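A.B. asks: Okay, here's what each chain looks like letter by letter:
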Amino acid sequence: MTAQAGATHPTSHDHAHDDADYLRATRGFRSWAMTLDHKRIGIMYLVAVLTAFLAGGIFALIVRTELLWPGRTIVDPDTYNKAFTLHGAIMVFLFIIPSIPAALGNFFLPLMLGAKDVAFPRLNLASFYIYVFGAIFALFSIVTSAVDTGWTFYTPYSTQTGTAVIAMTLGAFILGFSSILTGVNFIATVHKLRAPGLHWKRLPLFVWSIYATSVIQVLATPVLAITLLLLIMERALTLGIFDPRLGGDPVLFQHFFWFYSHPAVYIMILPGMAVVSELIATFSRRKIFGYMFVAMSSVALALLAFLVWAHHMFVAGMSEYAVMVFSGLTFLVAIPSAVKVFNWVATLYKGSVSFESPMLYGLAFIVLFTVGGLTGLPLATIVTDVHLHDTYYVVAHFHYVMVGGTVFGFIGGLHYWWPKMTGKLYNERLAQIAFALVFTGFNVTFFTQFLLGSHGMPRRYYDYLDQYQPLHGFSSFGSYILGVGFVIMLWMFVQSLMRGAKSPPNPWGSAAFEWQTSSPPIAHNFHETPIVTRGPYDYHLATEEELYTGFPEDRVERVTAKTEKEEG
Amino acid sequence: MDEQEYITHPTTQLPPQLSTFAPEVDWVYDFIFWISVVFFVGIVAATLYFMWAYRRRPGVKSEPTGHHNALELFWTFAPLILLVLMFHWGFQAYMVQANAPDDAYNVRVRARQWAWEFEHPNGITEDNELHVPAGQPVRLIMSSSDVLHSFYVPDYRIKRDAVPGMFTSLWFEAIERTDVTPEGDLSQPDARRVWYRNQVFCTEYCGAGGSWGDNAGHATMYAQILVQRPEDFQEFITNPPPPMCGDHPCTPPEWGEQLFSQKGCTACHAREEGAPQLAGPNLHGLFGRQERLQDGTTVTIDDAYVRHSILEPRAQVVEGFNPVMPNIRFSEQQLDALVTYLQTL
Ligand code: HEM
Ligand SMILES: [Cu+2]
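Here the protein sequences line up with chains A and B, keeping their order.
Sequential numbering from 1 applies to the first sequence in this note's numbering.
Sequential numbering from 1001 applies to the second sequence in this note's numbering.
Just chain A, same shape as in the assembly:
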């Protein structure tokens, strides 16, 4: 292996095979459960968040199936309310917030920095166990009596309902700590553990974005913690903070809640953008256009995220002037988001673009995130938001951002880095079939919901007027296509683990740093501390043989042929 793009090692590679890779370095349950290796912790997070995604997905299908027809279809109203609450809460707190930073970030951040590990490996393991502990609380709430408040836990309903609000909010509270600790750890890692020569202007965009995410996690999550604690105290001790019958203010809860949860939206989307920047660069063999603008727009989003929370509350009874200020600030968020999209598209220009499955997710991200972003404009505009607020339009909008954006980014990243993480190739043809189903199913499901919403269909409804049936039916149909796509993808990854061909160190011919070590990486990442001599996307400085020089068509065939050979 001669690929050295971006990083040179001071000594030669004589002992390239001295060390076992991180999967085989030590064996046994204890060696995983007690591991301090960021890569193993990343893999454990990956398994955990994928499990959460599966659970959240099952609840989504219950919700969609109930909505196939008006009236009762499969569950009663109470169960329905619990299903959409659990769907939302699991997807937000257990899946999407930790997905990219904790799973992919943990694995790749140190590799991209040329570091041996994160700054505080023990803290890293602790935050994983805190995550598991929080998840157990949330699960406990499901087996006791679940929660029927919606994932937003709005007071005073949440102080009055008879369901397990305390267990669920304690779960979210504990998960918050995990999030804060991961953030602190990443910030310290980026500041302290960059390899020699890796100055800020050479950082991969993934690192910039995860860094910005970490800042939000550290600053915003404590507010959620306090809010949830107040809610728990209110329920347990009837203090009268939020409950109007005791002199409290129910709208205050919304301010507290969104002061965290709006920035949390950026905890969700910035990592998706992080992955996509990597995908676009690798598969068009070109440095991201306007690198510094893209990096700085992540930081700008992180800061602006704190100024717009009350756009969730335009009709909640705030003063007209508060509404005006928050609407104005909200528009500012559109700017850095648009800048990113323009720069990604411009990167393709004069690139050498190939269309393997990770790139398909990257390109789909651009399209879907654009829809998500543009449909945010009528929500930022006060008078149109009044009509659309709390209707299915909002449901469609945030699914375009969170699923079309973050989940597509996450899955694209998973495909992209899978060979690095597992050392195995997967069946590219199956991956593309799954992609086609996921992309189609997603759009059928959620585009329909824009129309439902603009026609006035409110969200969180068990039942609806007959006039909305065709669109609801269509949307549910799409969710089944989506579900089939995910099942095929799961099957493809399992197949790859069991009998996938061995991956070369750099199957995509990427110039990014993390591909400069073996696949899977050795336990200590690099044999010697790499010395970085150029940026991660400097394809023009890489010699031809340093990069993988294949073509998409022949690659599809080679990968498939190999997989089949292994099977047969």
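Worth flagging that the hints you see were computed from the coordinates, not collected in a lab.
One or more of the hints may lead you astray.
[Said to hold, decoys possible] To be clear about the criterion: a stretch of chain B counts as covered by chain A if any three or more of its residues have a C-beta under 8 Å from a C-beta of chain A, and this derived list gives those stretches:
{"no.": "1", "segment": "1008–1016"}
{"no.": "2", "segment": "1088–1095"}
{"no.": "3", "segment": "1145–1151"}
Predicted, not measured: the structure shown is a model, and the values here were computed from it.
A virtual CB, placed ideally from N, CA and C, is assigned to each residue, including glycine.
Please build the complex by placing chain B with the ligands on the supplied structure of chain A, with the hints as guidance.
C.D. replies: Below, chain B with the ligands alone, put in the same frame as chain A:
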């Protein structure tokens, strides 16, 4: 805005425009929509073109990325102009919605799980129905007696939360529709004649009861606005017609039964023998029953106990139940009708 054009049928994207606000809101919506279409098509077309034109080819390397600060600054700041326009028009139209005209007709709205109650200035109350005159501003002053609710009329493009412990307000003016003609003899005011109806939804999640009947949860917390010609409305408000059950005026027990579901009692009280337990006691065979109360005393249920339990629901709670029944307002006649009905169970 004298020559206002209304679109009275639903379009692909938006419901019919049945309030004076609607055309302006829709205009802003359309502006944003078309700008978005232009950007979306531009971005997708550029992406597809570059995907095709710069697909990987043997021996062709990517070109190094230069930078182009002028271009960056252009696409950072040019969209800002459009955003400022959206913000400005959105805010301007909102200020109209935020300030009701001084001569508006005031209606009080009380939201509760899971019904809307409306009270006219002269004291007439309506449940889940609100009669209003066309072509005149109506202001709603809203409160909630339990959790958050939100009053939403898609055809009017209005929405506002009803918040317990505070008053919020909202106004609208239903249009005079040229595309539908009220039925009947138009020279005579008729309190019963409705010109057209508009659906009211609750859009702030407010939970669900154990059962599923009329008005038993967030998803069926519906009301209707019944728009009348001003003269018909005048007749309605001065001479409200007696409640109708089918095609005849209700007898007291029939009226009581109607009130029982209109006022949302069905959410918590079953009426059939052996029906599953809801949040409140089953009312089958109510009168004459012996009931143990929470304070340990026993009562025999009679007229006085029933009236007291309706007017002050949390005073004498039956053992085994939580004091969750809301205060529901009834006129004397309504209460009489309800009690007569309950005696028949
Ligand atoms: C994968 C297929 C998915 C389907 C079919 C789906 C469908 C739905 C539906 C029907 C609702 C109910 C809307 C309402 O009641 O107003 C909903 C709510 C929600 N979904 Fe999804 N969803 C999916 C994936 C996701 C993912 C991946 C996330 C997170 C990243 C997510 C986050 C949410 C949230 C936060 C809510 C709001 C819950 C609430 O109203 O309390 N969904 N989804
Ligand atoms: Cu409600």
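A.B. asks: If a hint holds in the structure, say so; if it doesn't, say that too.
C.D. replies: Structure-based check of all given hints:
| no. | hint | in the structure |
| --- | --- | --- |
| 1 | 1008–1016 | holds (count 5) |
| 2 | 1088–1095 | holds (count 6) |
| 3 | 1145–1151 | holds (count 4) |
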